[in-house]
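Fit chains B, C, D, E, F, G and H to the supplied structure of chain A, relying on the hints for placement.
Protein chains: 8
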Amino acid sequence: MGMPEVVFGERKTPAQVAGIFKRLAKHGKNVLATRATKEQFTAVKKGVRGVKYEVAAQAIVLRRDRRLYGKGVIAVVSAGTSDIPVAEEAVVTAELMGNQVERIYDVGVAGIHRLLAHQKTLSRARVVIVCAGMEGALPSVVGGLIGAPVIAVPTSVGYGAAFQGLAALLGMMNSCASNVSVVNIDNGFGAGYVASLINRL
Amino acid sequence: MGMPEVVFGERKTPAQVAGIFKRLAKHGKNVLATRATKEQFTAVKKGVRGVKYEVAAQAIVLRRDRRLYGKGVIAVVSAGTSDIPVAEEAVVTAELMGNQVERIYDVGVAGIHRLLAHQKTLSRARVVIVCAGMEGALPSVVGGLIGAPVIAVPTSVGYGAAFQGLAALLGMMNSCASNVSVVNIDNGFGAGYVASLINRL
Amino acid sequence: MGMPEVVFGERKTPAQVAGIFKRLAKHGKNVLATRATKEQFTAVKKGVRGVKYEVAAQAIVLRRDRRLYGKGVIAVVSAGTSDIPVAEEAVVTAELMGNQVERIYDVGVAGIHRLLAHQKTLSRARVVIVCAGMEGALPSVVGGLIGAPVIAVPTSVGYGAAFQGLAALLGMMNSCASNVSVVNIDNGFGAGYVASLINRL
Amino acid sequence: MGMPEVVFGERKTPAQVAGIFKRLAKHGKNVLATRATKEQFTAVKKGVRGVKYEVAAQAIVLRRDRRLYGKGVIAVVSAGTSDIPVAEEAVVTAELMGNQVERIYDVGVAGIHRLLAHQKTLSRARVVIVCAGMEGALPSVVGGLIGAPVIAVPTSVGYGAAFQGLAALLGMMNSCASNVSVVNIDNGFGAGYVASLINRL
Amino acid sequence: MGMPEVVFGERKTPAQVAGIFKRLAKHGKNVLATRATKEQFTAVKKGVRGVKYEVAAQAIVLRRDRRLYGKGVIAVVSAGTSDIPVAEEAVVTAELMGNQVERIYDVGVAGIHRLLAHQKTLSRARVVIVCAGMEGALPSVVGGLIGAPVIAVPTSVGYGAAFQGLAALLGMMNSCASNVSVVNIDNGFGAGYVASLINRL
Amino acid sequence: MGMPEVVFGERKTPAQVAGIFKRLAKHGKNVLATRATKEQFTAVKKGVRGVKYEVAAQAIVLRRDRRLYGKGVIAVVSAGTSDIPVAEEAVVTAELMGNQVERIYDVGVAGIHRLLAHQKTLSRARVVIVCAGMEGALPSVVGGLIGAPVIAVPTSVGYGAAFQGLAALLGMMNSCASNVSVVNIDNGFGAGYVASLINRL
Amino acid sequence: MGMPEVVFGERKTPAQVAGIFKRLAKHGKNVLATRATKEQFTAVKKGVRGVKYEVAAQAIVLRRDRRLYGKGVIAVVSAGTSDIPVAEEAVVTAELMGNQVERIYDVGVAGIHRLLAHQKTLSRARVVIVCAGMEGALPSVVGGLIGAPVIAVPTSVGYGAAFQGLAALLGMMNSCASNVSVVNIDNGFGAGYVASLINRL
Amino acid sequence: MGMPEVVFGERKTPAQVAGIFKRLAKHGKNVLATRATKEQFTAVKKGVRGVKYEVAAQAIVLRRDRRLYGKGVIAVVSAGTSDIPVAEEAVVTAELMGNQVERIYDVGVAGIHRLLAHQKTLSRARVVIVCAGMEGALPSVVGGLIGAPVIAVPTSVGYGAAFQGLAALLGMMNSCASNVSVVNIDNGFGAGYVASLINRL
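From first to last, the protein sequence lines are chains A, B, C, D, E, F, G and H.
As numbered in my numbering, residues 1 to 201 make up the first sequence, in order.
As numbered in my numbering, residues 1 to 201 make up the second sequence, in order.
As numbered in my numbering, residues 1 to 201 make up the third sequence, in order.
As numbered in my numbering, residues 1 to 201 make up the fourth sequence, in order.
As numbered in my numbering, residues 1 to 201 make up the fifth sequence, in order.
As numbered in my numbering, residues 1 to 201 make up the sixth sequence, in order.
As numbered in my numbering, residues 1 to 201 make up the seventh sequence, in order.
As numbered in my numbering, residues 1 to 201 make up the eighth sequence, in order.
Chain A extracted, bound-state conformation:
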């Protein structure tokens, strides 16, 4: 109950996304298109009422069921401004699945005191999503500060030896904090989904 219908927008034409979205919308559930462009949104809007485009998350959202299914708060933490699109995809997903979400952005590990200022919010969260590119160190630090499960999302942010998120991915897989598990590079949706499942328990 409360599970959204989802379509992955990348490498689909506006017409394809619009077609799939319309079909999914018939099920009466919330519908989400991730990695969606404005062009795709324009196409979807013509056939489905009430859809909204979330610019920061690059997502098309149709929200019908607004009940809260999550029992606590999901905190979404991100390291740099370039990680925000991924973080926002997680936020949109979690909200659409009926969760209260708190954003803690721009708290990269090179400025640890900015992160520590949010410790109270972090401690109150039932699940925490952490998005970071480059060295991907943030989930370990967050994981050490709290007892709740942490879902880490490596992002493709960075250049050179970042290798499109590989450095962050490997970093997170090797996290020295025991409460961290990891989803695919840039997979904000997956993180939001897993966190939502956990928050319903």
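Hints are supplied without guarantee of correctness; some may be wrong.
[As the list claims (entries may be wrong)] Simulated pairs of lysine-lysine, BS3-like, Cα-Cα distance not exceeding 25 Å:
id, chain 1, residue 1, chain 2, residue 2
1, C, K71, C, K120
2, C, K71, D, K46
3, E, K12, G, K38
Hint data in this document are derived by calculation from the structure and do not stem from the laboratory.
No experiment lies behind these values; they were computed from the predicted model shown.
Just chains B, C, D, E, F, G and H now, kept in the frame of chain A:
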């Protein structure tokens, strides 16, 4: 509450493990030594009463607190017999953290009906841990069968293009099931830990 | 007998493809241009009668010999909708080489029951081609369900840790089903070709 | 019918292999233990009558069913002397599955005329298995000489930039011969198995 | 003596190439611009007389010294039509450095008899350059046919597991022919240069 | 002045190390053998007076010049107990080059408050060396806390996706703190050397 | 004191860069935008007085504080002309942080005498930055010539097996000169920053 | 004429090497066993008269034909002492093939003046072999100093990011000197062989 003290046994001498274990044992909590050898156990046993060696999990366990902290059952699924040590490390960790655990072993994807025979048990679980080496395909299949969160553990089982678990790791990172998150190769402990946190919610 | 002439269209100009196609067409056999664009087709059409463009497969086809050389049915299975172009390339190749083909599409491992619904068709096939990106798990599952040889085609579908098909390739190389062999990433043609050879035996 | 029971010997104790072998032997079929040591053989021999150790293939074999299931000959080709253990694993597997096998060994591509001398044998084969390490070029050459399906087995033979078979694996995946498909590094068993399935058609 | 001035055209503007070319042309030697576009040629032509654009090699050539410095013939061998630009870069380089060159094109290893038809030409060559992408097997075969030194050039031709020439590079590094050495991926110039040095001895 | 003579002990016999050490000792400077075993020490001791074996650093040390060349303090920080050998190699190197060193050990990022407790010491340091394996996140955090240059040393500590220090190396290369530069995996000596040069300025 | 405010321009719109730059400019410090385009500069210029675009460094610079903080000279060395943008980013950064900088360009290792001609300048430098792509050999040679610390910057210059700077990065990590530490691929800013910190000591 | 018979000793038993060596010795030519142990030598010596063990090269040598086939001198250059075994394998090979060889050892790029001291010897050589591990920079420097062809041999010397010779291999492939070609990691034999062919011209 109910969090164990933990020591990683690999590349430590029996004397080192015994020393650390004894010190940790003073805190009055459950104590766990992972990747531990029989020699390390023999050394630990001399200084600490009530310790047990879990052969299959290669773990030394001191269990004092036997309360149940987990609210449901954690299912631990493994693909082949060679994955069992990793799976058992997850089992031992989860049990020591106060969870009821059900084992579903030897259900690799090439014999999908063996897995399907356990569908009821899987559906009852509140969290599922899935350990698999080689192509690492099992978490996707399990993830598709149930609605609960799945913690995937790639194992270093395999040869040739398995590249010590890299193939399984990449496979699991790309899982087409949205409820899957991943821990490090052979990290049964981490999976058991994360699953325990989730099961307490 | 019944072997087509083949040209690989990628990175060739329409004029180049048209020139080669025309030359090959003189041999009187079936001719196939893979990875071909509509522009290439337009150029080919001017010089060769009876050619057809297969949109889904991105292939230009000249079919003269319509005899059946294959002794049974080749099933072509694909995981997600994005894998279909590769699957269709296999279909077109197999058909042009004189085989009966059955498509089983959109049966990714995260929805195993959709695949199981086709078990009868699969069991009747003499050879099975399985196309999958992301974790590349489908060939193992299919391989376990049937006794026939399985040709696995990793596709470059996915993002992040999919690494343009590397994850799927490694997964398939490590398949725990013994009846699986693998061709190059996105090589639908190769799979169709090998399957056709086998089906003639 | 005629499918053997198989156990993978690597990293198992003699006692474990002996136990599994004995259990499998009860089914009345042919039994094969691959990657088996002499110590494992000694242990198996105590509990099962009629077993044989194939030194070159590092395999323990129990052959009861000696019928021919394959309709033609399977040729097993190998590049250098170091590739022979993998080739022999393929031979033993194919023979145990009821096939006639012809060996064509020591025909690496740097001495192309040695290979060409066997062209007649190659052309008579219904399926060809080609084992090669280092640059893994042999399957392409063999594939170009014949019309039958070729199963390529990269071996971990080589040093330096061979990277334990990775160079050969990549080479074979990119074969310019269309009749080649590939199994895992050193997977002689898999090649023998797939070839046997094909030869029964 | 007879060494050309060289400029690498890639990622330079027409103006930059024209400027450098003009400056180099003042030394009175042959001048070569590799990886050059027609636009760069147009710009060069305005300031330097007698330059020529070699389309197939993507090179701008100013030839003043037409003496032969090489003592024998350099054979340039290539596998597929897509390898020709790299091969032609080698040809242009070698010719500009005063060598007689013989082209042996389109002799990939999957059609070994096409290569064998050129054995006489190959045997007469004092040095042989071999360009091949995909599995990069051709240098080993050529190396085995002759006694002369072979300079192997991996090309970035291929797709999927070719990984932009990495597969061919690794294959050539592991060549089982002892007379093979290797230059960088697509480095036709380097091969032509080294071969020219050898041919002068 | 004050630069030590250095020999790298790994893969050398005790006799080789003893021979080189003795020869270097004749120059009258401090002498250091890194990656040295007790056996090598025993051999060195026989020929050179006053040598000492630093167990934790696995180093043989001959200290004659005890002057201070460094103008401030070098802090050596390490994440886990397994990183200590690398950290100690840095310490021994820096001390032998005439520096005051302060150790800050066991301050991994998953327990950030342990690190923050040392902030005063860190701020006083003129250069800081940070050794960490696994995710290699510590240099970024330390780098953000201070204004001094940070020399990061990835260690090969970890398992699975740590890939012998590759994960830590990539993490450190992508550090979001601008004052971080990196030396080779496990290269405590290099870090101590660079830090000493900086501290002399 | 004298630390600039910095914004990373890549993948930001002109409006975004202009907004951030304007905000940072209010702090009264020097401001630097790296990886900045002319379009971004045009946008910035409208809102901030006195900014300058450094074409070669692709940087937007606002210099207010012109004091010298560095105690000696920083030498910036680069191998080829394609490495100059990275070198210039280092120069601009170092100058903006109050350092005297000397450029030593176009001194790649294949023309070692060109480098040796600058030995005096190199020896006078208090810190040396070395930028090189392709094989990344220059830092080792420079490191061997001088006693000062060397900051090595691998650049993404090269093709084929250069793998976007990976070859240079690995080369520099393995430098046989002990005074070398390394920053990320193309990270001229980081090198300038670290060198500035060292030069203030 | 003057081509030796060769056997690769690695992973062969003393009996196997002795058997092959004896058989090859019957051809009357020079015989060489590379990567050979003393145990293998002891076995060979029993069956073949006049064999010698070259400790530094780890080679067993039977020299009958002592004529000079090479027209000039081959210089063999190596960077560090650990590279000497590979260099010596090249020396032994070249000598056995009838060449005059000059060794220039211990001239790593971090001490460039040691190398420059040998410039005259280098310039006199007709071909130069350069062996180097770690960053593999030496061939570029040597290549720039001379006009003769350079055969580069990456060695597996180094640790950490050296990745068993991969760093050196990539470095050499990207050499900025145009006269460099490369053989496999640790392949001293191949380098000696190619150099000998060139020196005969």
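Do the hints match the structure? See the list:
For the hint linking K71 (chain C) to K120 (chain C), the alpha-carbon distance of about 18 Å falls within 25 Å, and the restraint holds. With a C-alpha separation of about 47 Å, the suggested pairing of K71 (chain C) with K46 (chain D) is violated against the 25 Å cut-off. In summary, the hint linking K12 (chain E) to K38 (chain G) is supported, as the alpha carbons are separated by about 18 Å, within the 25 Å threshold.
Violated hints amount to a single one, hint 2; each of the other numbered hints is respected by the structure.
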